[in-house]
Amino acid sequence: MSATELHVHNPVEDLLRQDRIPTIWCPGCGIGTSVNSFAHALLKQDIDLGKTAIVSGIGCSGRVSGYMNLDSFHTTHGRAIPFATGLKLARPELNVIVYSGDGDLASIGGNHLIHAARRNIDILVVCINNMIYAMTGGQAAATTPGSALSTTTPYGAFEPELNLVQLVDAAGACFVARWTAYHVVQLERTLEKALRKKGFRFVEVLSPCPTYFQRKNNLGDALQAMLDYKKRSRIQHGCPTWETALTPGGPIIVGEFVDREREDYLTRMRKQLGPHYSEFPPQLEESEPEGCSKEC
Amino acid sequence: MHADPRTVLTGTHFINGDAACCEGALAAGARYAAGYPITPSTEIVERFAARAPEVGGLFIQMEDEIASSIVIQGMVWGGQKAFTVTSGPGFSLMMEHIGLAAMTETPVVFVDVQRGGPSTGLPTLPSQGDMMQARFGSHGDYAVIALSPNSPQECFDLTIKAFNLAEEFRVPVMFMMDECMGHMTEKVVIPPADQIEVRPRRHTTRPPGQFRPYEPGPDLVPEMAHAGEGHKIYVTGLTHDRRGYPSLNAAAQRELVTRLLEKIRRAAERLVMVETDQIEGAEVVVVSYGITSRVALRAVQEARARGIKVGTLRLICVWPFPEKLIRELARKVKALVMPELNMGQVVIELERCAAGQCKVIGVPHPGGTVHDPAEILEAIERGAQ
Amino acid sequence: MPKGTVAITAERCKGCGFCVEFCPTHVLELSSAFNAKGYHPPHMVAPEKCSGCNLCGMYCPDFAIFGFRFSANGESKGATK
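Protein chains in written order, with this note's numbering: chain A, 1 to 296; chain Y, 1 to 385; chain C, 1 to 81.
Incorrect hints may have been included.
With a straight-line Cα cutoff of 27 Å, these simulated DSS-like cross-link-like pairs (lysine-lysine) come out [said to hold, decoys possible]:
1) Lys49/C - Lys231/A
2) Lys216/A - Lys49/C
3) Lys37/C - Lys216/A
4) Lys271/A - Lys51/A
A few chain A positions that, by computed beta-carbon distances, are all more than 12 Å from chain C [claimed, not checked]:
5) His77
6) Gly249
7) Pro251
Bear in mind the hints are in silico, worked out from the structure with no lab data behind them.
No experiment lies behind these values; they were computed from the predicted model shown.
We treat Cβ as the ideally placed atom computed from N, Cα and C, and that holds for glycine.
Working from the sequences, and respecting the hints, build out all of it.
Structure (structure tokens):
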């Protein structure tokens, strides 16, 4: 019996804008895989999806916001986090998720990443790390492992890569984790947990980029990248983030590294202001029509 | 709709333009602001940071002006009125997000307290050097509205106007102050809240499922919905269709960009905001804006004493430029004289509109101080010949 | 009677092979046929082994496949609308 006959459908589809599928992603790109884990994690939450907003920057991963059937914001390159900060501050009841790539969040938007973690803005950041600028054609990123080839590092990169989980841990994020596109079930569980937590949460997802990163570095296709993740990954929950650096061919330390309690920005603001904060709702629309009431 | 009395400091005050601008924003219903410290604009957000908790609002000091200029757009899509404040170098950093606001039709206000440039230039001294940047600074074709106050009182009044226009047209509005305006202290009368008109957001009344976020209304401005209201809106800086979905082709680009320009162009007559004096029968009209309009007055008085028929025209709304008005005026006068605290920016637009029908004499000034009225007088005399 | 089955939207498939590789019971293979985009979508070669675990659905980057379980009375369970 087929799915249609049985009236079964893929629950992930409820969270996708059907009229936007197929995606622009290349065959074997891990971004779509991560979206499955994210969608399942969202569906398992007792949260109002009508009050869930997703914000992206620019790049391949930046397209995720536009495929999700949520309030979708596709902003400028690197600036998803400050946009999300504004959304969250203005409407605290929103669940705000930033879904973007390593180049977007950690290079051009690196400063915002640090400061949102420091402020402990109550948002979840999902960072797809494919170690390269893919949308623009395979240029080196701040996460490109040392000596790897890219179109702008034809002799290999001359600079070391950034360890994102260590960076956001140091900046004060209250939840920090890393998985790869291979770890679909673990990623779903971690995202479930991260969605429930308050404060700045950061989940890095290593993803194959078969078109640029894998091909340029003779690392095979996407499937090979996934098998490589399977082989090299070591699950070490609670591992100090300074011991999680990614090295070419070395072990990939994955797991939930940081889970700490810290007052988020708005909680701290309210507490510190105490009676000095007078709460009243914004007056954006006419509350009552002017002139005669309905009765007259 | 009237201003919320809880945010309006009704009364007579002796405050500077920065403080007046802050009070104007609060009266206009802006309870959210973001900024990054930069002279000579910082006093606005310093005051706002102190006032915000009283009105249930919030000021956040961001890590840079790039962040400031987009966090406010998040606030707007979250349902608030919001603004940011800066000066030249920060304004330069904000350009990309002025384009984003124009593209996504986000009603938001950018206050630029202009100082001498380029680069770090003259942090504490005046200039009007950002006028063309305010109009054309971000890449691509778009339209904005730019207002220029010439007194602390106007810093209050026109800030409210700036927010109202942003809401009406769903465009970023540039509030072009200058260091003199920011730091000049004068009497500012803040009227009772029920005498302050405040434009509400053009919020859709359609239920979720029946709302298309970029379906233009009769005046080409679409209705708006916020995040968290069940509409599942899609907002992107990419060229988009009426649903808000990316549509990367020439036809969609033509429809969208044309509308972004046309919604302002169509309203151009309504957006003419000028103050004129004795332009009927004038031989020469001095066209100016902001602090320079006050300096020019001295030269105008002196010229009149010398028997020259001089009128004045002060641009309150600089962008869009009062094209038709200038075209008609150029037919009637010998010369238009335009002093401005830059090396010739808005005068280019004046020349374009005058289209050779009269002399156009710019009185450029690199900034750092205001004009010597004698320079303007000399230009008036040249114009009258 | 298998415990479950998969539903494939062949036209969405980009032929990455994740579903084939990561199916724990080796139910799938890429077919020799092409879809309209020129990719080889998967098909079931051992349907009797399918547990309906949906790991294929979790891995599929293109939302082109998902698995579901049959319930005891022959109806589907889990992701029904």
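Item to check | Separation of Pro251/A from chain C, once the least beta-carbon distance is taken, above 12 Å | outcome: Consistent with the label, Pro251/A stays out of reach of chain C, its closest Cβ about 21 Å off (over 12 Å).
Next on the checklist: Tell me if the straight-line CA distance from Lys49/C to Lys231/A falls inside 27 Å.
Outcome noted: holds, 26 Å
Checklist entry - Does Lys216/A lie within 27 Å of Lys37/C when you go C-alpha to C-alpha? => result holds, 24 Å
Checklist entry - For His77/A, is the shortest beta carbon distance to chain C beyond 12 Å? => result holds, 23 Å
Checklist entry - Holds or violated: Lys216/A with Lys49/C, Cα cutoff 27 Å? => result Distance ~38 Å between Lys216/A and Lys49/C Cα, so the pair is violated.
Checklist entry - Within a Cα-Cα threshold of 27 Å, do Lys271/A and Lys51/A meet the stated pairing? => result holds, 25 Å
Checklist entry - Are all C-beta atoms of chain C more than 12 Å from that of Gly249/A? => result holds, 21 Å
In summary, the one numbered hint that this structure violates is 2.
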